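Protein chains in written order, with numbering that gives the first Met the number 0: chain A, 0 to 108; chain B, 0 to 337.
What the hints contain is simulated information worked out from the structure, not anything from laboratory work. Since we're looking at a predicted model, the values are computed, not measured. Think of the CB as a built atom: it goes at the ideal place given N, C-alpha and C, for glycine as much as any other residue. Check the hints yourself; a few may be wrong.
Each pair of labels, with its calculated beta carbon distance range [said to hold, decoys possible]:
| id | chain 1 | residue 1 | chain 2 | residue 2 | range |
| --- | --- | --- | --- | --- | --- |
| 1 | B | A51 | A | A86 | 55 to 63 Å |
| 2 | A | D61 | B | D303 | 46 to 54 Å |
| 3 | B | I30 | A | F25 | 28 to 36 Å |
| 4 | B | K277 | A | E42 | 44 to 52 Å |
Residues from chain B that keep clear of chain A, each with C-beta distances beyond 12 Å, as calculated [as the list claims (entries may be wrong)]:
| id | residue |
| --- | --- |
| 5 | Q153 |
| 6 | G182 |
| 7 | T186 |
| 8 | R247 |
Among the chain A residues that face chain B by a calculated CB cut under 10 Å, a handful are [to be verified]:
| id | residue |
| --- | --- |
| 9 | D35 |
| 10 | T39 |
| 11 | R41 |
| 12 | Q65 |
| 13 | E69 |
| 14 | A70 |
| 15 | G71 |
| 16 | N73 |
| 17 | M74 |
| 18 | T78 |
Chain by chain, the residues:
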Amino acid sequence: MAYYEEDDLQRFSEIAKHRPDLFEKFMAWYQACQEDGALTRREKALIGLAVAHAVQCPYCIDAFSQSCLEAGSNMEQMTEAIHLASAIRGGASLIHGLQAHNSVNKVSM
Amino acid sequence: MPSVLPIVQPAPILQPRTDAAFDEKLAGLGIELRSTTIDTLQVNLGKLCNQACKHCHVDASPTRTEVMTRETAESVVDAVRRFRIPTLDITGGAPELNPFFRYLVTEAQALGAHIIVRHNLTVMFQPGQESLPEFFRDQHVEVVSSLPYFLEEQTDSQRGHGVFSQSIEALRRLNAVGYGIAGSGLTLNLVYNPVGAFLPPSQNSIESDFKRELMDRHGIAFDHLYTITNMPISRFLDYLRRSGNEERYMRKLLDAFNPATLDGLMCRRLVSVDWTGKLYDCDFNQMLELNVAAELPQTIADFDPEKLARRRIMTGRHCFGCTAGSGSSCGGAVAVSS
Numbered sequence: 000m001a002y003y004e005e006d007d008l009q010r011f012s013e014i015a016k017h018r019p020d021l022f023e024k025f026m027a028w029y030q031a032c033q034e035d036g037a038l039t040r041r042e043k044a045l046i047g048l049a050v051a052h053a054v055q056c057p058y059c060i061d062a063f064s065q066s067c068l069e070a071g072s073n074m075e076q077m078t079e080a081i082h083l084a085s086a087i088r089g090g091a092s093l094i095h096g097l098q099a100h101n102s103v104n105k106v107s108m
Numbered sequence: 000m001p002s003v004l005p006i007v008q009p010a011p012i013l014q015p016r017t018d019a020a021f022d023e024k025l026a027g028l029g030i031e032l033r034s035t036t037i038d039t040l041q042v043n044l045g046k047l048c049n050q051a052c053k054h055c056h057v058d059a060s061p062t063r064t065e066v067m068t069r070e071t072a073e074s075v076v077d078a079v080r081r082f083r084i085p086t087l088d089i090t091g092g093a094p095e096l097n098p099f100f101r102y103l104v105t106e107a108q109a110l111g112a113h114i115i116v117r118h119n120l121t122v123m124f125q126p127g128q129e130s131l132p133e134f135f136r137d138q139h140v141e142v143v144s145s146l147p148y149f150l151e152e153q154t155d156s157q158r159g160h161g162v163f164s165q166s167i168e169a170l171r172r173l174n175a176v177g178y179g180i181a182g183s184g185l186t187l188n189l190v191y192n193p194v195g196a197f198l199p200p201s202q203n204s205i206e207s208d209f210k211r212e213l214m215d216r217h218g219i220a221f222d223h224l225y226t227i228t229n230m231p232i233s234r235f236l237d238y239l240r241r242s243g244n245e246e247r248y249m250r251k252l253l254d255a256f257n258p259a260t261l262d263g264l265m266c267r268r269l270v271s272v273d274w275t276g277k278l279y280d281c282d283f284n285q286m287l288e289l290n291v292a293a294e295l296p297q298t299i300a301d302f303d304p305e306k307l308a309r310r311r312i313m314t315g316r317h318c319f320g321c322t323a324g325s326g327s328s329c330g331g332a333v334a335v336s337s
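Take the sequences, apply the hints, and build the full model.
As structure tokens, then:
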């Protein structure tokens, strides 16, 4: 068995099998989050794409790449969103350098 | 209903090669697709084009030789005259390359028909076509032009190297004679279609982007942007198959089937005429050689609105392209996005 089968993308609803009530709640929430609101569908699709990269989910990256295209975004905009997600991930690692500094300082003369 | 979440829809049983599937879908809803009126004759003057776009459902190119004859063009004019057809929608190929294009426009305009020309922009730079902006203006033609995106990379990827820069220059020339300029009375509409195997965005949303970007980057104005879905036929179907996207694209269309599009489908208001004069329910059926139902008049010479106005529409799996999401027609989206 290989991990991350592409066809699994189409089978997501099978997760409903054992607790359909929970999946139904998830779906309602998930879809409502992506409708036009104070933010547009396009902005939300770009946020989704960025988060998909931050959580490194290949299914989400595939789905939100399509969503971005179908919301009218282009590769320049999508790449900027991916860079921002990556930069925040990088920054999140980097700021922990202060933890290291603090740890070292605590035992240093 | 368009979905940004194709992955979580219940997967339909995909039968992309079954032509009956669309009829079955409608039958399940208790609907039989029939035309409601005929307010437009959409005439395809032939497959000759100066471009060979990757998505072209006509398979048009500079090497095609199929073009409408003068005799057939006269039959079109005769139908416009006899039945007072309100709108003549002229397409191709590049219809301007047909030697009888200007005859057809001039005659139909004189009869009071509203003329739409599906103009690819770059044909303006072909020998003998330089005066097209002035000709369009003088004949009060509504110009509808494809520009799949406001950036060069995407446009050239679909329509050919150098097409974007020529299209921008052509749009400037159309603007210069008044097209797309408020108060001029000259209408310039653009057409967006996806550069690949995905659905178009919301028409209102992408129109705002096009207006802002084309004005800011190039000083170009236009009236409306139509979003059109790529049909899974002809050259685009070849692309889908070669790229391994056919099944996924068909599933996308099926998942996005929206009954609210049915009232606005173009087949319900127009009759399509091919370069030989044969009649079809739409330009896509024309390319598939799916003629109007056998019991109906088959050619423009036999055109009879009484018999054609309430006709049963011939359908196939490609019809899912016009009913996906906000729908698709020669006039863009047909249903409000949900």
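Verification of the supplied hints:
no.	hint	verdict
1	B:A51 <-> A:A86: 55 to 63 Å	violated, 42 Å
2	A:D61 <-> B:D303: 46 to 54 Å	holds, 51 Å
3	B:I30 <-> A:F25: 28 to 36 Å	holds, 33 Å
4	B:K277 <-> A:E42: 44 to 52 Å	holds, 48 Å
5	Q153	violated, 7 Å
6	G182	holds, 29 Å
7	T186	holds, 23 Å
8	R247	violated, 9 Å
9	D35	holds, 8 Å
10	T39	holds, 7 Å
11	R41	holds, 6 Å
12	Q65	holds, 6 Å
13	E69	holds, 5 Å
14	A70	holds, 5 Å
15	G71	holds, 3 Å
16	N73	holds, 6 Å
17	M74	holds, 8 Å
18	T78	violated, 13 Å
Going down the numbered hints, you'll see the structure goes against 1, 5, 8, 18, while the others check out.
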